[in-house]
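Asker: Can you build the whole structure from these sequences, using the hints too?
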Amino acid sequence: MQIKILVFLIVISLFQACIEEFSPKITAYANLPVIDGTITNEPGPYIVKLSKSLAVDDLGYFPVTGANIKISDNLNTEETLTEIKPGVYSTDSMGIRGLVGRKYRITVKIEDKTYQSNFEELKNPSGIDSVYTKIESKETAEGNFEGLQFYINAEDTNDKNRYFLWKLIETYKYKPGLQVEYLYYFYSDSIASVENDSINEFVNINNECWNSEKIKDIYTYSTQNFTDSKVNNFALHYVNTDTKKLSEKYSLLINQYSITEDAYEYWNEIKKQNAESGSLYTTQPFQTRGNLVNIDNIDDIILGYFMVAGISKKRIYIDRPHLDFIENCVSSYDYYLYLISLPIP
Amino acid sequence: MVGQTKDIILDDSYNKLSWTDFVIKIENKYPVQFYFDIDSLPNFEVVVPENNMAFLDKLNKILKPYSYKAAMDEFGHIFITKKIKVYTNLPDNFYRQQTQKEYLDNGLKRNDTYLKTDNIFVTKHRTVGKKGNDNKTTATVSGFVKSTTDDLPIIGGTLQIKETGKVVSTDDSGFYTISLKKGDYTLIINSLESKEEKIKIKVLSDGRLDLILEEKLIALEEVIVSSERNHIVRGTQMGYEKLETKKIKEIPLVLGEPDLIKISLLLPGVQSIGEGSSGFNVRGSPTDQNLFLINNVPVYNSSHLFGFFSAFNSEAVKDFTLYKSNIPANYGGRLSSIFDISAKQGNKKEFSVSGGISPVTAKILVEGPIKKNSSSYMVGLRSTYSDWLLKQVEDPAISNSDAQFADMITNFSFDLNKQNQLNVFSYHSFDKMSLTNQNKFSYANNGGSLEWSHLIKEKHNLNVALIYSQYNFTEENSELAISSYKDNFELKHSEFKTSLTLRPNSKHTITTGISSSLYLLDQGNFLPLNDASIIEPIDLGQEKGLESAIFLSDEWTVLPRLSIIGGVRYNTYQYLGPNDVKEYDANEPKSIENIVDTVSYSNNQVIESFGAPDFRIAARYILADNLSIKFSFNQLKQYLLMLTNTIAISPTDKWKLSDNNIEPMSGDQYSFGIYSSIFNGQYNISVETYYKTAQNLVEYRDGANLVVNETPEIDILQGDLNTYGAEFMIKKTYGRLNGWLNYTYSRSLVTVNSEEPEERINDGEAYPSNYDKPHAVNLVANYKFSRRFSLSSNVVYSTGRPITYPVGNFFQGDLRLPLYSKRNEYRIPDYFRVDFSLKLEGNLASKKFAHSTWIFSVYNLTGRKNAYSVYFKSEESVLQGYKLSIFGVPIVSLTYSFKLGNYAN
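Residue numbers (the working numbering), protein chains in the order written: chain A, 1 to 345; chain B, 1 to 905.
Do not take every clue at face value.
Unchecked claim - Keeping only pairs whose Cα atoms sit at most 30 Å apart, straight-line, the calculated DSS-like set for lysine-lysine is:
(1) A:K314 - B:K873
(2) A:K230 - B:K182
(3) B:K130 - B:K162
(4) A:K138 - B:K198
(5) B:K440 - A:K134
(6) B:K822 - A:K272
(7) A:K138 - B:K486
(8) A:K52 - A:K271
(9) B:K202 - A:K271
(10) A:K52 - B:K873
(11) A:K313 - B:K873
(12) B:K440 - A:K109
(13) B:K440 - A:K138
(14) A:K272 - B:K873
(15) A:K272 - B:K440
(16) A:K160 - B:K486
(17) B:K822 - A:K25
(18) B:K131 - B:K82
(19) B:K182 - B:K202
(20) B:K440 - A:K230
(21) B:K200 - B:K507
(22) A:K216 - B:K822
(23) B:K865 - A:K272
(24) B:K865 - A:K25
(25) A:K230 - A:K175
(26) B:K873 - A:K216
(27) B:K873 - A:K49
(28) B:K873 - A:K271
(29) A:K49 - B:K822
(30) B:K198 - B:K822
(31) B:K200 - A:K167
Unchecked claim - Okay, the calculated beta carbon distance ranges per label pair:
(32) B:S600 - A:S93: 54 to 62 Å
(33) B:T598 - A:E213: 47 to 55 Å
(34) B:A362 - A:I135: 41 to 49 Å
Derived from the structure by calculation, the hints contain no laboratory data. Fair warning: this is a prediction, and the values are worked out from it, not measured in the lab. Note that CB positions come from ideal geometry on N, CA and C, so glycine has one too.
Answerer: This is the structure we're talking about:
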């Protein structure tokens, strides 16, 4: 339940409900295997990552090598994955293929322990009708900024698939916001001014950066209680003008997964726990269980989810918006120092 | 008026004395003073008449042959005058204000038909009955105890016979009855609102003795937080707290709003999840195990504004009692506590208005007689005006929000005659909130009761009550146009309750009765809010249940030092049609797949039936005058539960009846305590320990969604609750400095185990409940500098509540996610708070139009940011912990209240 009561309370009683960073002392440490992989109706190779959980304040990553991982379907097709990097296992590009309507499962052997998921059906991908943006303003810790809010309209015309998960990747072009005045030539140990026209041209061409990032937000939606399986005007990512992302060119790639009810519950619970913990009416958080179990010992836990999903994609491009909107964006640049590698003249 | 001074007994020893010897003898023996003209009055020989006349009548007869007359005033002055009698009293209508005269009277109602004797100057000496009326050796004395100021009954007062140690208490109408051997006794009367009174009584036969007690505030130069005096030692009841709202107004509270529930949190064994959460947890039990009653009307949502205020206007409340150990057999239906609130009865003598303004609310109370001295009305209103605050804010999200709440209490009481009283009571409360115009809630409680109490043969009591209570809420959510919805809920409770209290002899007080409650629940409809919404409507159905009980209990004084309350209550419960109920495969965990059948039942057809007896035993043994031990065993059943898996109760939590898939809860409690009252009752010290178990406690599966749930039984896991603890309390009941200090050690552990691994929580191992707080200390202190100026402070400490923390992190889909521990393995930081308040009373002039009071209070003086919750978020590949505090700064408020009349009125 979403009750935005906190903001509300701050005011009605003229007191301050406050939220501050806090790190309780937690000495316990659970060391559990974690699976992270997906099979879709897109051609492979399909990647499965295997790692171990770490202590709360440990920001590292601990890959698990040497495991035996197998993806199989309900028609007895199976393939053992190859470890291509430590902890990263891949199918062969010519190997097993995700097909709509078939059921897939994963079997993971780590030393003498065997973990397995149930067969889950690969759902028909649902269509993306449209993705559009609206200029909206939102409060951030740094102030109130305008920005672009992305919305999606989607529909499963068969009304069969009722669970949606979106994963987004943003790509944008930007200028480093740094004026190059001199260039340093390493080999000749000399410095040239950009006032030299040929150098200026060179700098202008290369003074342009691209970046691509996975968006670390969880977007799920269920049409379980609806007559039609329709997603109307669902808010996805929001980009504000406090970043340089919208300064030149921006593109958002939407991966829409049609997932099973179990996968929806898994992701939705993670989303809920991450988003709603700061309200008055929270439930106690709990460990969400993935879809793999130790076939010999139910108490031995493996984390993570092997997702079986139909996928559809859409990419949308945003050119530099109109000037008065971008003004804020440009003026908020800081000066950065960039090292530019240059060809030897 | 002054003719009934029978206590000066003129027997034969006065006969034939000379007048001067006669006077000297009387003056030596009694606190009286004769005034006469020694020169004109002859020193004749006194002839005492032999009949049964009162003293003054006899005296007049003695003087008659000499044409002298005698009169006596209330101070014991006897005036002997020739021919003309001195009037020691002004005519009744001499002063417009009658109250003062009645006060001097000590309110002793003189009605020769039942009150044979009393003495206005030897105020502490009264006689009951007539001599030689019968041949019995015992007599029953009964009567009403009332207050001088407002003529209202004093409820729960105790009357103790000093010589035998026997204690009886007054009932809801202030009535008491006590059986004694004929003879002389000292009667000690105590109550919360009046000062201790000692009266010598002479019991000659059955008779009536009405007592009118002075209010403490008038009598003493101090405020008394509570004075049960010897009650704590001599009463058989344990684990119980009775507080009068009038006496707790100094206690500093959030935004200066006196609040019964928040004050209860300062008592031992009463905890809450956190600031701003509704309800409370008594001795480690969930909030839905408390029964809130106001004049017998059950209240199903006891809070306003999500829980920041309780739904009871303290202005209209006389007192409240919290039972947490041995619950009297006439109560049932909840496992953990009964919170019994008595609304004020209107003043039967004069019209009065009082009211107050605090930063969020305004309230007013109007009361007065309908017919003087026999019937009265009382109407208490409270409403918030917090809305304007929201409008001051520039942020549209907030200025588009609003919050309203209001409540009303009305109480009409009628003394039909000496034997019959009628009370008509109603209670209403409503809340309406809209958050950023997207989330709208409204909820309301409406209830009423009609009670008739009848006195049989001046010692037995019959009470009959008809009770109705209704609770409903609606929620509208339009955050997302396509999934905007509305949801509603309604509970209707209709009850018939009757109890008969019999006092066959001096050793027994027997209470018996029946009660029956019909519950009608509408779990509501989940509906699309408008045309844009594509929500599929869901009807969550209706429920009907009938809970009935028959009870019998006896308070038995076995020995002067030993008393026992034995009680039995037989409960029955039927879950009734019409309904379509699901049946699950008994050998499998409950799930949609394991529904084997859906069975339709017709109207009033019994779907499931439960019946079980509760045994309740309490015993008290007095070790020494000021020291007693008590033991109790208590059983209860509960057929109604609240569907909630949030840590604090939310305004959209629904009630649910036990049914064919959800077993009723049952609980047992053992308590043992030692009680002492020292320094003439100035300090009450008690240690109380308990062990409590509850079966079929309702817990929920991880991640259960209870908002729209057609099969809540699938998400419910029933387990056991074990709680135990020790409560230490020191209470200083009066003096310039008064208040209490308590420390509680307690644990509350839940076990949910099953043969099916899916139906276990924490692998079937015991874990602390959400409200398990092992250590708690509360200090409430009030210091009275003068009658006009006082200072109060609270100091509150408790262990942080249990919480589930991450014990690791892992990567999934490029996110760093928390790996959580088992349920409630950790605790949030400890809670500590200091509050402070100053109270200034208006001047103490006795003749003034209105009296006003200012209270300045600071809540959370140190501004400590107490954690309400701690949570973790996955942010930019880092797991960040956050602490949420509700009142992280000192909260200052000023409250103004007024009433017509003077300080004491």
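Asker: Any of the earlier hints contradicted here, and which numbers?
Answerer: 2, 4, 9, 12, 18, 25, 30 and 31
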